Amino acid sequence: MTRSVVVTGIGMTTPLGGDAPTTWAAALAGTPGGVRLGADWDPEQPAQIAALMRENPAEILKPVEVRRMDPSEQCAVIAAREAWADAGAPDIDPIRLGTVVASGIGGINSLISAYETLRDKGAARVSPHMVTMIMPNGPAAMVGIEVGARAGVHTPVSACASGAEAISYAAKMIEDGRADIVVAGGTEACINGVTMAGFGAMRALSTRNDDPATASRAYDMDRDGFVMGEGAGILILEEEEHARARGAKIYGRYGGAGLTSDGHHIAQPDPEGSGAARAITMAIEDAELSASDIIHVNAHATSTPQGDFAESVAIRKGLGGQADHAWVSATKSMTGHLLGGAGAVESIFAILALRDRLAPPSINIFNIDPAIELQVTKDGPVQLPAGDIAALNNSFGFGGHDVALVFKSV
Amino acid sequence: MSEDILAGLAGIVNEVAGVPAEDVQLDKSFVDDLDVDSLSMVEVVMACEDKWGVKIPDSEVKNLKTVGDAVTYISANV
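Here the protein sequences line up with chains E and G, keeping their order. Mapping of the first sequence onto my numbering: position 74 corresponds to residue 74, and the numbering continues sequentially without gaps. Mapping of the second sequence onto my numbering: position 17 corresponds to residue 17, and the numbering continues sequentially without gaps.
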């Protein structure tokens with residue numbers, strides 16, 4: 001018997017807000033998240049801008065939690081607490097409860113501060129919590145302990161596709177019968193000199209330092225790279241009968257996933273977008289839909305010159321003629337790029353778009369790139385039709401990872 | 001002296017493990033009463049070494065079962 005997966009809780013902490021309702025309201029309002037970094041930021045860094053979390057987790061959590069958790073773990077736990085409460089703190093046998101939370105980079109801020117301690121004070125002063133703060137599975141494990149998950153705790157890592165891959169893995173756990181509820185999502189908090197210098201060296205970051213609010217401008221002619229963001233998104237995925245039996249609120253339905261790889265280049269997208277297009281097609285098939293059902297696309301659209309174009313080609317291949325009708329939103333224009341958190345936050349956006357029948361804006365498009373042959377939202381939200389509709393969320397990562405997810409309205 | 005060390009240690013345990021300072025009493029066991037696990041105990045030791053300039057080797061840490069044990073050790077070695 002097929003086990004269907006629904007979404008019964010959401011949580012987010014992002015550059016647009018410290019919780020899901022605030023973040024979503026700010027996204028619908030077209031709020032830019034990019035800011036100028038502080039006076040202590042190295043003036044030699046190519047990027048002087050980033051999209052910082054609106055609410056600092058260190059000011060929300062208990063001091064002892066801050067001491068033991070990397071910022072990427074802190075924001076995952078904050079989003080997970082919100083999502084879990086939003087789902088009604090379900091009463092579930094722990095062996096039927098799983099966690100899949102991903103990060104693209106991991107606890108690098110903690111690694112750097114541990115290195116500084118080693119250098120300045122010696123090995124005897126490195127924190128005994130350092131290892132569990134830097135390990136990539138740290139956020140998943142912290143969230144798993146938070147909810148007491150015993151069906152399995154997992155961490156797929158695929159750079160900026162990690163959050164989306166986590167959701168597909170979580171849904172599979174439910175479909176395959178391993179769990180009835182899985183706390184799933186992605187997190188990232190890696191704004192530090194080393195990471196920013198590295199992405200800067202790749203020429204991946206926007207250097208529109210004099211105008212942080214408009215620096216993330218996917219699909220614009222003058223886009224010059226992404227704006228680094230930070231934060232987390234967590235969804236409560238639940239087997240449908242389980243959710244209905246306990247009278248849970250249902251936001252939307254998980255449709256399916258497509259996961260492929262480019263086999264092309266470690267950091268460049270395949271200009272033909274063939275891996276991404278196959279992922280889109282697979283996700284639509286997995287959801288037992290056809291391309292014409294996809295009314296809305298939350299695109300990966302990071303604001304890099306090559307990536308946005310390659311994805312647009314892939315969307316046209318994957319959706320065919322429906323690419324003329326589906327409303328494409330580039331929400332990184334507001335949130336910045338949350339790397340491993342992006343796929344989760346944007347999946348939540350896609351689900352809320354289906355619920356509210358509103359495709360969120362894509363801000364900062366002053367002159368749309370004529371090479372982008374898509375129907376892109378602009379400064380305001382776009383009304384989506386009533387009835388059964390579906391949305392696609394794309395996420396791609398360095399390494400050539402392509403993940404497409406499809407969600408359905410309820 | 002011991003009272004000052006107890007007060008200082010209570011502040012450390014509070015900072016490291018989130019235990020209310022007033023709960024840190026001489027007869028309390030770090031593990032059983034204060035929920036200070038082995039990792040947090042490492043942090044307690046580091047902070048004590050920094051605060052009082054004492055050296056607390058690992059071989060000694062296992063003997064520090066209670067807050068009183070730690071206060072006695074620090075008092076004798078400071």
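No wet-lab data here; the hints were simulated from the structure. All values derive from a computational prediction rather than experimental measurement. Where hints are given, some of them may not hold.
In silico BS3-like pairs for lysine-lysine, Cα to Cα no more than 27 angstroms straight-line [said to hold, decoys possible]:
#: 1; chain 1: G; residue 1: Lys28; chain 2: G; residue 2: Lys51
#: 2; chain 1: G; residue 1: Lys51; chain 2: G; residue 2: Lys65
#: 3; chain 1: G; residue 1: Lys65; chain 2: E; residue 2: Lys249
#: 4; chain 1: G; residue 1: Lys51; chain 2: G; residue 2: Lys62
#: 5; chain 1: G; residue 1: Lys28; chain 2: G; residue 2: Lys62
#: 6; chain 1: G; residue 1: Lys65; chain 2: G; residue 2: Lys28
#: 7; chain 1: E; residue 1: Lys378; chain 2: E; residue 2: Lys317
#: 8; chain 1: G; residue 1: Lys55; chain 2: E; residue 2: Lys121
#: 9; chain 1: G; residue 1: Lys55; chain 2: G; residue 2: Lys65
#: 10; chain 1: E; residue 1: Lys121; chain 2: G; residue 2: Lys51
#: 11; chain 1: G; residue 1: Lys55; chain 2: G; residue 2: Lys28
#: 12; chain 1: E; residue 1: Lys172; chain 2: E; residue 2: Lys249
#: 13; chain 1: G; residue 1: Lys62; chain 2: E; residue 2: Lys121
#: 14; chain 1: E; residue 1: Lys249; chain 2: G; residue 2: Lys62
Anything over 12 angstroms on all C-beta distances counts as not near chain G; from chain E, calculated [to be verified]:
#: 15; residue: Glu65
#: 16; residue: Arg96
#: 17; residue: Val126
#: 18; residue: Glu175
#: 19; residue: Ala204
#: 20; residue: Asp293
#: 21; residue: Asp379
#: 22; residue: Phe398
#: 23; residue: Gly399
Don't be surprised by glycine CBs; every beta carbon is placed ideally from N, CA and C.
Verification of the supplied hints:
1. Annotation: proposed proximity of Lys28/G to Lys51/G holds, straight-line Cα distance about 21 angstroms (limit 27 angstroms).
2. At most 27 angstroms may separate the alpha-carbon atoms for a hinted pair to count; Lys51/G and Lys65/G meet this at roughly 20 angstroms.
3. Note on Lys65/G and Lys249/E: the hinted pairing is violated, with a Cα-Cα distance of about 49 angstroms set against a maximum of 27 angstroms.
4. Between Lys51/G and Lys62/G the alpha-carbon distance is near 20 angstroms, which keeps this suggested pair within the 27 angstroms criterion.
5. With a CA separation close to 15 angstroms, the supplied pair Lys28/G and Lys62/G stays within the 27 angstroms bound.
6. A threshold of 27 angstroms between alpha carbons decides the hint, and for Lys65/G with Lys28/G the separation of about 8 angstroms falls inside it, so the pair holds.
7. For the hint pairing Lys378/E with Lys317/E, the CA-to-CA distance comes to about 23 angstroms; that is within 27 angstroms, so the pair holds.
8. About 15 angstroms separates the Cα atoms of Lys55/G and Lys121/E, which keeps this hinted pair within 27 angstroms; it holds.
9. Restraint check for Lys55/G and Lys65/G: the C-alpha separation of about 17 angstroms stays at or below 27 angstroms, so the hint holds.
10. Between the alpha carbons of Lys121/E and Lys51/G the distance comes to roughly 14 angstroms, so the proposed pair stays at or under 27 angstroms and holds.
11. For the hint pairing Lys55/G with Lys28/G, the CA-to-CA distance comes to about 22 angstroms; that is within 27 angstroms, so the pair holds.
12. Note on Lys172/E and Lys249/E: the hinted pairing holds, with a Cα-Cα distance of about 21 angstroms set against a maximum of 27 angstroms.
13. For the suggested pair Lys62/G and Lys121/E, the alpha carbons sit about 24 angstroms apart, so the restraint of at most 27 angstroms is met.
14. Between Lys249/E and Lys62/G the alpha-carbon distance is near 51 angstroms, which puts this suggested pair outside the 27 angstroms criterion.
15. Distance check for Glu65/E against chain G: the nearest CB is about 8 angstroms away, which does not clear 12 angstroms, and the non-interface claim fails.
16. Non-interface status of Arg96/E relative to chain G is upheld: no Cβ of that chain comes within 12 angstroms, the nearest being about 28 angstroms off.
17. The claim that Val126/E is not at the interface with chain G is violated, since a C-beta of that chain comes within 12 angstroms of its own (minimum 9 angstroms).
18. At the 12 angstroms boundary, the C-beta of Glu175/E stays outside the reach of chain G, the nearest C-beta of that chain being 37 angstroms off.
19. Every Cβ of chain G is farther than 12 angstroms from the Cβ of Ala204/E; the closest lies at roughly 37 angstroms, confirming the non-interface assignment.
20. For Asp293/E, the requirement that its beta carbon stay farther than 12 angstroms from each beta carbon of chain G is met, with the minimum near 50 angstroms.
21. With 12 angstroms as the threshold on Cβ separation, the claim that Asp379/E sits away from chain G holds: the shortest Cβ distance comes to roughly 46 angstroms.
22. Here Phe398/E stays apart from chain G, with its beta-carbon at least about 33 angstroms from theirs, past the 12 angstroms limit.
23. Gly399/E, annotated as away from the interface, keeps every beta carbon of chain G farther than 12 angstroms; the closest lies near 33 angstroms.
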